[in-house]
Structures are given as structure tokens and as C-alpha cells.
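K.L.:
Please build the complex by placing chain B on the supplied structure of chain A, with the hints as guidance.
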Amino acid sequence: MASEIGENATARRSLVLRDAVSLGAIFLITGLLFVCTLFLFRSFSAHRAELARRWSDRGRRALADNKPKEAIADLHAALLYAPGSRDYEQLLAQALGQAGRTEESYNYFLGLHETAPGDGDINLALARLAAARGNRSEAVQYYRAAIYGTWSAGDGVERRAAVRSELARYLIAQQDPESARMELLIAGGNSPDTYERDMNFGHLFEAAQDPKNAAIYYHKAIALRPDSAEALENAGRLAYSAADYASARKLLERASQLRSREDSSQAAGDADAAHNAGRLLELTPAPSLPARERVSRILALRSIAKKRLDACTQQAGQQLAASDIAARWSGPDANPSAVALIREPARQEALLELVFDTERKLDSVCGPASGDDALVLRLAPTIKETTATHD
Amino acid sequence: MTESRNSTPAAASAAMDPHAASVREERLLLLLSIFVGVISGLLVVSFRMAIEWLTVLLQGSVPGPHQPRLLIVPVLAGIVIAVLVRFVFPAARGSGVNQTKAALYIHNGYISSRTVLGKFLLSAFAIGSGFSLGPEDPSLQIGAGVASLISRRFGISRARLRLFAPIGAAAGLAAAFNAPISAILFVIEEVIGNWSAAVLGSVVLSAVSAVVVARWFWGAEPMFRIPVVNLVDPRELMAYAVLGIIGGIASLVFTKALGWLRPLLRRQGPNWQLLHPPAAGFLVGCIGYFGLPQIMGAGYETIDQAMHGQFALKLLLLLALFKILATTLSFSSGTPGGMFAPTLFIGAMFGASVGAFEHLYFPHLTGPIGSYALVGMGVLFAAFLRAPLTSVFMVLEVSGNYSIIVPVILSNTIAYLLSRALQPVPIFEIFTHQDGLYLPSMEERREESNLHLEDALQPVAVPVLQGSDTLASAAGAYAQYAENPGSAVLVQCTDGLWYAARRAEIDSILTGSPSPPSEASVAGEQLPARDPVASDANPTLEQRLGTERTPVLFPDLPLASALPHFRRWPLLPVTNRAVRGALEGTVSLEDVLKRYQQR
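As they're listed, the protein sequences go chains A and B. Residues 1 to 391 in this note's numbering are what the first sequence spells out, letter by letter. Residues 1 to 599 in this note's numbering are what the second sequence spells out, letter by letter.
It should be emphasised that the hints constitute simulated quantities derived from the structure, not laboratory data. Each hint should be verified, as a subset may be incorrect.
As the list claims (entries may be wrong) - Restraint-style ranges between C-beta atoms, simulated for each label pair:
hint: 1; chain 1: B; residue 1: V83; chain 2: A; residue 2: A132; range: 55 to 65 Å
hint: 2; chain 1: A; residue 1: A132; chain 2: B; residue 2: G291; range: 26 to 36 Å
hint: 3; chain 1: A; residue 1: D227; chain 2: B; residue 2: G219; range: 57 to 67 Å
hint: 4; chain 1: B; residue 1: G60; chain 2: A; residue 2: G118; range: 17 to 27 Å
Each residue gets a CB set at the ideal place from its N, CA and C atoms; glycine is no exception.
One chain only, chain A, in its complex shape (with noise of 0.2 Å):
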């Protein structure tokens, strides 16, 4: 029994003495293996980044060499070796993108954004997806995510002005100026002055049908480059149809003086509306002006409308004479006397509806107006309104 009991721990002893060398030893084996795996799998790792740095750089060149198809297969070959990587999926969504596979690309960058959903290139591509794709919905949502997500590229400030920008762009494209011009106004008050960005803003606002806006922008680019012809044109133009005329002649102006200097045609144009708006100023007869000063002016209005009337009749008597526009003129409010005109100002308003309601019928009978007469046409809405900008 002793004996058995003694052999028994003997064997415990001996397989314990055995287990512990054996663990050791495969130990050992797992260490050096682990070693050697490490030494491959570097090489191996090396010689596949390798792989997919030759196939991206050419994958970068096709694209932009504008050749989304071959960079779409040097991409797929670079993220063979690379996969996983972001820079180049990216690369490869775009290239899909712009090789029209708008589908795959969408699905790619979606991919991409459920790893990242605050990138905002990824967002910003998307959201031009979303727009090819007319989803108008998806793409305000990626447009804004981009603007309030991270750029790892590029200053970061700028970025979002600029997609901001696009934004604005895509909304007026929608019909939708209201919004456009609210992204629009935080858009331009992010970012700094720059010539080329306020004359941005300034297309963005007109676009916007913001023209009050715009005209700010156009002038503070006319502050930041005083022989900028485009914005003082852009400015002129804009002031020309608010009625202020006095500016839209000043601006014109000076935008044909620097025009004359490189392009005849557009300096002709600009010479006309400043023509026009001198014109204009000279024939508004607004209410802030002295009595007889505006009678004259008055006047002179109906002059040009009789002239034209008498020329119309000729062309077109019958319809005319079946028109309330005839009777009208041998009415006594169609020949007043300057100083009745001054002693009853209601008369003035008389005499200056039928001036315009002649103007509109002869538009329609005998053709559009041209010279005095289409300024005449001009004045008829905006005659309220001009008393301030006259001073």
C-alpha cells in the first residue's frame, strides 16, 4: 500500500515535471512563430501598401485627367491592397460619381459616412448625389451635416462658407430664394471680405432675388477694386432697377469709361444705361419736386405720349378710336395749362395716369417702346417711389 502510494506520487511528480517543460517548450514554439509570423506579415504588409500607393497615384491621375473610368479600376486595384482605406474609397466614389454611376457612388459614400457621418467632404458629396439623384430632402440634410461637420482639409471656416455657397445655389435652383437667401446671409457673414467672394455673393443674392443685397456686396467689391468694371456694371445695374438713377448713372459710367478701354460692345451698353438713367432723372417728375419743376416735367411726358399717339393712329386708328384712350385725349384733363397744372395739383396725377395708360395701350397695339417712350414705361411704376433717391 505504502509502496503504491509512493509510486503514485513519483508519476504526479515526474508528469508535472513533463507538463511544465512541455508548456515551456510550446511556449518557445508559440514565441519564435509569433516572431516569425510578425517578420512576414510586416514584408507582407509593406509590399501590399506598396501595391496600392502605385494603383491610387495612377488612379488620381486618370481622374484628373478626367478619365473617372480608368481611375475606377486603378482605384478597385488599390484597394485591393488597401482596404479599408479611406482616402482612396473616397477617391473611388468619386470617380464613380463623376463616371455617372451616380447609384454606386451613392451607396459607396454612404459606406464611407456610417464610419464617419461628421465627415464633411463625405457629406458634401453626398449631398451632391442626393441632388443628382432629385432628392431634394437628402441632399439639404447632407448639405447641412457637411456644413456643421469636420474638414480635415482646407480651412475649415472657409469650407463651410463655401458649401453654404453651393447650398444657396442648389436651393435657388429649387425655386426655393427664400431659404437660399437666409444661407446666403450667415454664408457672408462667416467668411472674409474678398473681392472674388463679394462678387459672388452678389450673382448669389441676385440669383436669390435679394437685389438690395446684392448691390452691398457688388459695392464692397467696387471698394475693394475701383476698377472693377463687372461690379461696377453689377452695381449700376442693380441701382437702375431700384429706381436710383442718379447711382446707376454714376456707376454706368465709369463702368463704360473702363470698358472703353478693352471691350467696345460691353462699354456701348454701359454707355446707354447710363444714358438711360441720366434720361430718366431728367423726365421723373417725383412729387419732392418744386411745383413748376414737375409740370414742366409733366409735360414734357405728355409730349412724348402724344407723339407717340399721333404716330400710332396713323398705324392703327380703328383700334385705337374703339379704345377709351382717343376720348380720353380730347377730354380737358389731356390739355391742361401749366399754371393749371400748378393751381390743381390733381390734375397733375390726372394728366400723368393718362400718360401712362396711353403708353401701355400703344405697347400693346403698335409694338414695344423704344427711347423716351420705353422710359416713359419705365417711370410709370416706380414713380412713388423715386422721390427719395431724386435728392
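P.N.:
Structure of chain B alone, referenced to chain A:
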């Protein structure tokens, strides 16, 4: 004497007392599982590196159609593989799953080092040169081989030695898939066949160790990345159901093709068999050369591209069909390599086809193609490999995306059921039969229904007496059963329990004569001791029966659980679980045996 007896670990272990030896083995099993996992992980990482290196070397960095090497390389590789399989590594052919099962059930867990080496080299060479095979099943066998190699050094008992093969298999598969849960489930579903507590802990340890190693090298990113799936429109589930049906049919085609070609080629003579791998290589190369190089090799990159919607519907269908062809050729030729990757490839292509079709014809349904491709992978895995549970978890693990769970379960279930209905014998079982082996079918084992007591339950047809009756009144009641032919009598005792007595025993109690010895008393068991109260003037029947009672049995207990009790009792009352003592029926030994014979 002791020295010589203990010269090997096995002999030393045998010299120890059994309990100590068992404890040692249990501890070793757990400890070695970690080593098995780490080493398997390292080997699988090297295996994958070897495949990728060879792919670049042999097929070029970007294989494309009309590259002559696509024709030449597989043929030359086929010649080398055929010669090596024939003369150097004969056990390396096949996928590796059945070989691991054979190691477990036939060879006591033994897988030779030569097989492991052959599997590693030849599978890497075959896949790298463009054969349409996958690296997962060979990884599984490499892991099992590593486990076998390590465990043999420790003199572990045969029973435990056998368990090491699945432990290593789980490690190999987990490292190959970067998916520990799927690997564990697959080994349990396909290799072991049941949730054995003895091996589960070790399987988990080895799989986790292997995955940790694999992730250390390759990173923890899931294999495939797809967008989150939002089932906006429940009708989209219809598309997934259709995918399940397509998967079931595709798996039938794939199984039939393999089941027909493989034995056809294996019947040919050994010299003819030398031509099979180069011929298969040539045909696969032709498919690649003439326009579909994507079907060559494992094809994971192509799966990824399909998931990102980069193929048109027609191309997806072509890829799926030609992959079935290429894999059938590659595998049937006896070239070492696995079936998992091709299965996933085919499934992904069919899945993406359904997605592309949906986008084309039902644009209002917005499920991403990637999710269909991913579900398709699981569908074919469930239908072709017949591992439904693994297929669900595999999809979740390789995508790291839980949002897809509902479509996966739906499609996989449909595909699995359809496949079972159309092709009752699973593919791995077909292969084992073709190889002349008869390994246990895991699917059958899972489906095996255990019989319960309720299956043999009979209505009460024997006299029933009340234990609380005096002997006189019991005798009166008993007399009413004079015509009853039963050999037993049931006595309901006041404690709610039952006593099943032989008729002779009751007769002797009621008549006061000594009862004849029962089988139990002959065998040395004591009959119930007579209660001292029995000598009272009016003793009850219960008092005379003593304190022993028949065991409490319920209808849902396994039928086999009744067998040991028939040695003592002639009949067993089966009672209701809810109402103590309420009789549901009885079972006799005869009833039980009859029920087993009816299976």
C-alpha cells in the same frame, strides 16, 4: 521499474490515480486550448498571407480578362498539385471539414503533421493560382491538426485527445473568418453535433485566442461593410423571402453538380486522376480568360464589389452561375481547398441580383444592394452547408451590422427548409459517403427526437385501491377486480404518492399469507419493511405496504428514465405535474419496449 513505466506522459498519467489524472487533463485541456488558439491563429494568418502573396505572384496584381497567365498558371499549378497530392500529401485533398470529423470519430483525434503541412501549402498554392476554392475549411483543418499535434505531446487520454480536433477546428475557422461566434457554432453544429459542456469552454477559449491573434495582424474591422438596413417598407421582406427561395434552389443545383461530378472523377484510375487538377485549372482559367476573372480564387474582393452595387444584374447572375461551375470543377478534381468562400460568393451574387432586380423594377423599395448580397451569403451558407444557426451569426459577425437580423433569419430559414426538402442529404454527408466513410450526420442528430413517457403512456387498466382503506374494506374493493387480468395493483397513499404492487403481494397482504419473493428480493433488495402498526386490530392497507413509494414520474420525462425502475416495480404510475398524485396513466416495461420498437 517506476522509471521505465513512466517514460512517456501517457504511461505516467496511467500510473496516477484516476481522479488526479482527470483533474490534470481538465486543466491541460483549458490551458492547451489557448495555445492551440494562438498557434492556429498565427498559422492561419500565415496561410492567408501565403494565398495573397501567391495570388499577386501568379495572377498579377490586377488579373483581367485576356491575360494569358490566367490560362497558363492554373494548369501548371494543377500539375504540381496533382503530383504532390498523389505522392506526398495524399490526405490533403478535400475541404477539411470531413477530415476533421473523421479525425474526431474515427482516428481518435489524430491528424498527421504531414497533412497539416500539405493542406497549408497546396491549398495556398491552389487558391493563389486561381482555383475556385476558399481558405476557411483548410484553416479549420490546419487548426485541428495543430491541436492534434500539441495534444499528443501531453499523454492525454484517448477520450480527451479526440476533443482536441474540434477545439483546433474552431480556432482555425475563427481566425479565418475573424468571427469567433460563427466558428464556435459551426464546430458545434457540424463537427461535434451537440452542446457538450466538456468541450464548450475549450472551444470558446481557443476560438477567442485565435481571433485575438488574427485581429492583432489584420485589424478588428468586419470583413464586409454595408449601410444600416432600415426596413422602411415591410413589403421588402418579400424580396428577402424570394432570395431565400433562390438560395434553396441554387444550393440544390450546386449540391447536385458536386454530387454528380466528384464520384465520377474519383472512379477513374489513379493516373487519370493526375490529370484532373490541371484540367480543372484549365477550364477555370478559360472562364477567367474569356471574361470573368472574378470567379478565380476565393473572390472576397468581388463580393465586396457586389455589395457596393458595382455589377449589373446580368453580370451578377453570370458570376453566380460560373462560380458554381468553377467550384464544382475545382473541388471535384481533388484539389485541396474549401467550399465556404465559394458558397459565400455564390450567395452574395444571387443576393445582389435580387437587390439589383428590385432597384430596377421596384424603385420605390429602397433596400441597399449590399444588404441583399450579405443576406444572400447567409442564405447559401444555411442551405448548402446546412448550418442555419451559424449562417445567421456569420452574417452578423462578418458585417458587424445587427440591423439586418430580420431579413437574415427570414431568408435563411426559407432557404434551409427548402434545401432540406429538395435535398435531404447534406453536402458533407454526401462527400463522406462518396469517400466510403460513415460519419455521424449532425443534421440528423439535431433532428433526432427523444421519446418521452407520454409516448408510451397507457390508460389505467389495473385495480386501484386506496391506501387509507382498512384491510377489510380494501379486500372488498379488490374483490370487484377479480376479473381484471392485470398483474399489478396501484395503491393511492394518503401522502399523494403511489405504490405499485404485484398482485401476489396484495393477495398476501389481504389474506395474511406470506407473499412470494419478488425479483428484487431475490436480487438482494429488501422488500418494504412491515410496519409495526400492521399488528393492530384494523390496520390500513398503506400501513401494511410500508413507507416505500413508486418514483414520481411525469409525462414529459425521457422514456429511458423509466427503465431502471422496472427492476423493482411491475408498473409505473405517471402523474400530473400540476396536481400532486393525479394519475395521467401508467407505463410497464412492455409498453416502453414496444414504443422503442415502433421508432
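K.L.:
Please write out, lowest number first, the hints stated earlier that are contradicted by the structure.
P.N.:
Result: hint 4 breaks, nothing else.
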